[in-house]
Amino acid sequence: MTEHDNDHSRTTRAVGSLLSTLQERAKELSCLYAVEEVLFDPNRSLGDIFKMVVEVIPPGWQYSDICQAQISHNEETYQTTGFKETQWTQCADIYAGESLSGRLLVSYNEDRPPADDGPFLKEESKLIETIADRLGHFILHQQTREMFRVLSRTPQRNNGGDRGEWRLALDLMWQTDPNLFGRIIRKMMNHLCWRGVDEAESLLARYGGGMWTDGVIGETNQPLKKTDTEGLVSLGEEAFRIATLYLSDLEILASIKKWIGEDKSGFLVRSLVNAHAPLSTITDALMKYQHLVHDKSELPRSALASACVSLTRRFFTDQLEFINIAKNHVEIEDFFELVGRMVSPAGSNGKLGGKSAGLFLANKILQNNNHHTGDLGEIRVPKTWYVASDGLLEFVRFNAIEDVHEQKYKTVEEVRQEYPHLVKVFKNLHFPQEMKKGLSMALDDFGDVPLIVRSSSLLEDRLGSAFSGKYKSLFLANQGDKEARLEALMDAIAEVYASTFGPDPIEYRAERGLLDFFEEMGIMIQEVVGTRAGNYFLPSFAGVSFSNNEFRWSSRIRREDGLVRIVPGLGTRAVDRLTDDYPVLAAPGQPRLRVNASFEDMVRYSPKYLDVIDLVNNKFQTMEFSSIIRDLGNEFPQIEQIVSVYSDDRLKAPNALTTDYREDDIVITFEGLFRNTPFLKQMRAILQTLEESMGTPVDIEFASVGNVLYLLQCRPQSHSMDVESAQIPKHIPPENLLFSANKYISNGRIPDITHVVYVSPDEYGKLEDHSSLVSVGMAIGQLNKLLPKRQFVLMGPGRWGSRGDIKLGIRVTYSDINNTAVLIEIARKKGAYVPDLSFGTHFFQDLVEASIRYLPLYPDDKGISFNEDFLSNSPNLLKNILPQFGDLEKVIKVIDIQKVTDGKILRILMNAAREEAVGILCPPESPVAYEDESMESRGLEIEDHWKWRHRMAERIGATLDAQRYGVDGIYLFGSTKNATAGPASDVDLLIHFSGNEQQRRELEHWLEGWSNCLDELNYLKTGSRSDGLLDVHIITDEDIEKRSSFAIKIGAVTDAALQLPLKKE
Amino acid sequence: MPHSSFNPYETAQKQFDNIADKLDLDAPTRNLLRDSMREFNFAIPVKMDDGSTKIFRGFRVQHNDARGPFNGGIRFHPQETIDTVRAQAMWMTWKCAVVDLPLGGGKGGVICDPHDLTTGEQERLCRGWVRQISKNIGPLSDIPAPDVMTNAQHMLWMLDEYETIQGNKYPGFITGKPVGMGGSLGRKEATGYGVVFTLREALKELGIRCEDTTASFQGFGNVAQYAIDLYHQLGGKTVCVSCWDQNDQVAYSYTRKDGIDLAELQGITSRFGCIDRAKATELGYQLQPGDAWIEQPVDILVPSALENQVNADTVQSIKPSVKILAEGANGPTSPQADKFLKKMGVFVIPDFIANAGGVICSYFEQVQCNINYFWERDEVLGKLDQKMTSAFIAVSELAKKKKLSTRDAAYVIAISRVAQACKDRSWI
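Line by line, the protein sequences are chains W and X. Residue 573 in the numbering used here sits at position 573 of the first sequence, and the numbers go up by one each step. In the numbering used here, each residue's number is its place in the second sequence (first place is 1) plus 10000.
Errors might be hidden in some of the hints.
The calculated label-pair distances, taken between Cβ atoms and stated as ranges, are [what the hints assert, rightly or not]: (1) W:1009 with X:10268: 29 to 37 Å; (2) W:534 with X:10268: 54 to 62 Å; (3) W:742 with X:10261: 37 to 45 Å; (4) X:10261 with W:1041: 29 to 37 Å; (5) X:10279 with W:1004: 36 to 44 Å.
Okay, the calculated bits of chain X under chain W, using three or more residues with CB under 8 Å as the criterion [to be verified]: (6) 10108-10117; (7) 10194-10208; (8) 10316-10326.
No lab work stands behind these hints: they were computed from the structure. For each residue, glycine too, the CB sits at the ideal point set by N, CA and C.
With the hints as extra help, turn the sequences into a complete structure.
Given below as structure tokens:
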């Protein structure tokens, strides 16, 4: 034989054996199906069933021609013709519930070549077990069904109940399931004792102990001994005799029914009660339950509720608030799907995390409510797989890198420095086989749709900890072959895992006292909602919605009207505050009141960019909308609902026939969506339903494709950072109260205001010429640049930024006010008329994106405090700061609060729920009674930021070679000098310079080096990066003389620059 | 308190008195022209979306129609006052007269905040305004137009209501309509082109060839872009434009010594005239601070962005090379700066006439609607050229003859034309 022939025959043999293996598997499967088919008809008698089952078994075995089967049950046997027990026999016991109820035998009549277990294959051993198992379930089901039939017949026939009926049921039980019978007697005795029946107590004492603890009727799998069973019967007689004395027949009947039900789901509850039971046990129990319980109404509500609560606790959280809500909405069946999509390490004990929990619950709530209200429409949740939270621990253990757990105790600089390496390390680690297998299954389930890997931290569900965005969420294009996709998926999960040890979350946790909490991180792998358009993958639109509107742009909008931030493409751009773009805003409760009334504003504040997944380059990408629309034209999904066409100074709805999306001037307005679809109505219904059910305002993330809305996330709105409501102290001494307000209040807390710019409404109204009115706006613009950023407030009459009549409000643009902390509009009564305020509408969206708060004051309303005397008569610094605007001294008041009040600051506290806001003067170091400690710890953090900056500024002064660079003096001002610098603050330096061009260049060079170094240092400390930390202003003698630009800071009356000592010669 | 404060109407009256002194107008003429001829103040009940009814206050002020039907905008503003509307109506009379349009001045408004109104409510408000005043306005008596917070859509609602009441079609009842719905071609270009028509005439008068000039523009919006377009067609060279940068919240000037390429810059400019800073730098434009536009060594400065940009401070940086300042924006020059410019010998083309292209085109819209025949774009722009040119010549000749500033000359012409019309009708 040639080599080739050899190969050939080897191949043929291999193929042959593979084929026969496959054939065997197919036979086994069809056998199992045949058994299921027989069992499918619950109306067949058990005898018939067994007869049929033995017939379908032999074809499932390898040597079916010599195969026989037998089932014995209750002393009856059913078998194929010619069955005999031979030495080649397999056997499996049949358990109905926990009691042995019969036996299944399969035997060969003749000898056959040995395989795994005698002549039998190991698959066949498994098969016989499975069939026995299924038969056991079926028998149990039939038995309980029979009992229920008897029990439920009774009350209908006779309202008082019939003694005969429950007796019949007990007899039946005794015959079919003595174990159950025993447990029912025990429950009855307990029940009677509970009710204080003495006889029952003595009975219990008499029979107590041995009867139960010896396990005779307990949960053993041994058949009962004859003598014991007799004892049991007489005990039963006795117990129920006593029962009839104290309970009505109806009560007895109901109790028996309830206990049978409890008993049936008992295994589930029992496995759940054990907090240490691994997830796999629970999954098994759930699956068993799924097979076993066909009709839930057979089970008592209490047992179901208890199981549900346990499951909720096990999979999601111990938090009582959550469980309380969940138990009203979640059913056991809801967990079936969940366990089918879980990836967990072997023996996992983990949970799924906050994000998963919120979404799971919200989805159930919406589904349950869908019958009641039509407005909810169709809502789906994208297909999701979950990785249990201890996956991270297992991952760490498997790769033996346990020392990462110490990471969080290092200094934040160290953490930041090491983090990039840590990410690299994590991405090179391996996943335990179990998890890898799970993830591979997940990918098979998903196919090649783009995915998002999101963290679902156990910390996220803790109230008051807004972890959103602290951990990574990664998009995966998920294209290419399976191996590459799996690699990418594991890579992404590793990166999300690494983010647990990143500087931002660690710092954040440290601030909130959550550092010692052992971090476990669940992962959600979610299908990205979207559709393919050209080379991109994107939803038509997506966004976030809040059930409380904290940014109302009209007095007609109530807080509960909600807020939607919506963008085309992926929702990332709506979730984050943007600096260069705007999402479209709408209030679902007032769908027709738009933020932008004029078409110019609608165009200006429309989104210009969108996020998509680029399927060709396999990555997440931000694109200019105009370029993507040129590319896709009307292939852009639902384009007609998203855009308007700008022509002839109008925004028109697109026309299917004439609009050319590639050529026309397209603006994103969502007019079509808002006007022609029930979207806003649906959104309102969703928000209201969720708020009502969860008992708290919520925020949700959503995405839409093909007119179907998907829910992506749901959490209490209090978790969003910038809508934290402030606690307003009860008794504020009148001298410390600068103002109060009680209309159109949003939430917010602005702690450390050092300066107030107050434009007196009266004096502004008295200005006689147009140019003075214009110069008020100009002065404000200058002050905006000079006062410490976000540490001052602007208070003025009417509408800031008024475009019409200048008399009605100070004419400013957004850049004239963009450094203020709060924009306050004062509406003073004019005769009988109180003017409307603008709600900052002219730059409303700019304010929203920059988190500048807006507050309207109505000083003439009843019960409102307004300390006009303080504002009008405190020393005014305007003349000193801006001498050129000195003539406006009466109109504009610039007040240095710290100076006027001996070191106090102004704190504005806003509480929307109470419709209350106050501005109070208080010392900076004694925070007003405030419940959230986190705020105080943030205060501490600020201290750190300014201190080291201050030290560094002094170092710069001390090392600056004044002679060489032609420097006369160096000054510090701004937030570092004022001890208010935050993580992103720069260091404002003023350099008095008198050298030549060359020296200036060299000086700038030298400072640039410092600036970059400090920036790097600051980055390590805070994660905030800029183009250099120093903001240097070079001024000359001439500037000082003219007091132009920043020169006025030197020796200024307020917020004067601090001179730093120069290098000693 | 209110009477002592800034009152736009009093300011307008003072301005009028000043010119009236120069013209030595008699008392009855002064009394007639100082005040509005008719004022309407009325209630507009509007059914709101929630079923309630809200009463809004509407105005129409008709200043003077001696030269033709009143015309002027309708403003929606929450703190509208009758005095603001009066001042604007008077100003409209002068504005039409200076470019010799056969129209009078009017203005209207509603006290409301469109931010607080849904689209449906705004429509009912517009229709309500027309219902209350329809007897007193019309294509032959008073023609409204868009103004603060009103746009083409509001105009179409008002037109529709008027035509429904009258039972006939009157496209000439209102202006500011979209093309195809009674709007005029050439409106986009009108203001910017108009600036350059007057600039061309000014150059002619100074004996300078346009091809030999350079210019610097403040602003890069609609007006500036079309002005640059025509200026380049005439052979001029723009070396600097400034614009507001939305991202940085600060203005920048972009300069190029051999002249900017308009099409190239337009390609990297947003709808609102914001030039992409990064791309411009890439294309080799030099980035300078926002104020740098005024410091350029050019022949012509065209402030076409905001008011009060050429003021006591900035005027000092104007280079001696500058010969002409064409006011594309409204009120870009402060009175102090005006004096300084006069001293420097800079020829100022006042906003009054330089940016009158918009009003003229609005008049053309009425004319075309009334004859129900619409001109091609070139015909519109050609007629615009004629109107502006003759208006400029009249102003500049009077200024020379009477040694007035061009600004004063424009006012003098406007007011004397209206006064003359009143006399011709023997009203006074």
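Hint check results:
{"no.": "1", "hint": "W:1009 with X:10268: 29 to 37 Å", "result": "34 Å, holds"}
{"no.": "2", "hint": "W:534 with X:10268: 54 to 62 Å", "result": "25 Å, violated"}
{"no.": "3", "hint": "W:742 with X:10261: 37 to 45 Å", "result": "58 Å, violated"}
{"no.": "4", "hint": "X:10261 with W:1041: 29 to 37 Å", "result": "43 Å, violated"}
{"no.": "5", "hint": "X:10279 with W:1004: 36 to 44 Å", "result": "27 Å, violated"}
{"no.": "6", "hint": "10108-10117", "result": "holds (count 5)"}
{"no.": "7", "hint": "10194-10208", "result": "violated (count 0)"}
{"no.": "8", "hint": "10316-10326", "result": "violated (count 0)"}
Violated hints for the displayed structure, listed by number in ascending order: 2, 3, 4, 5, 7, 8.
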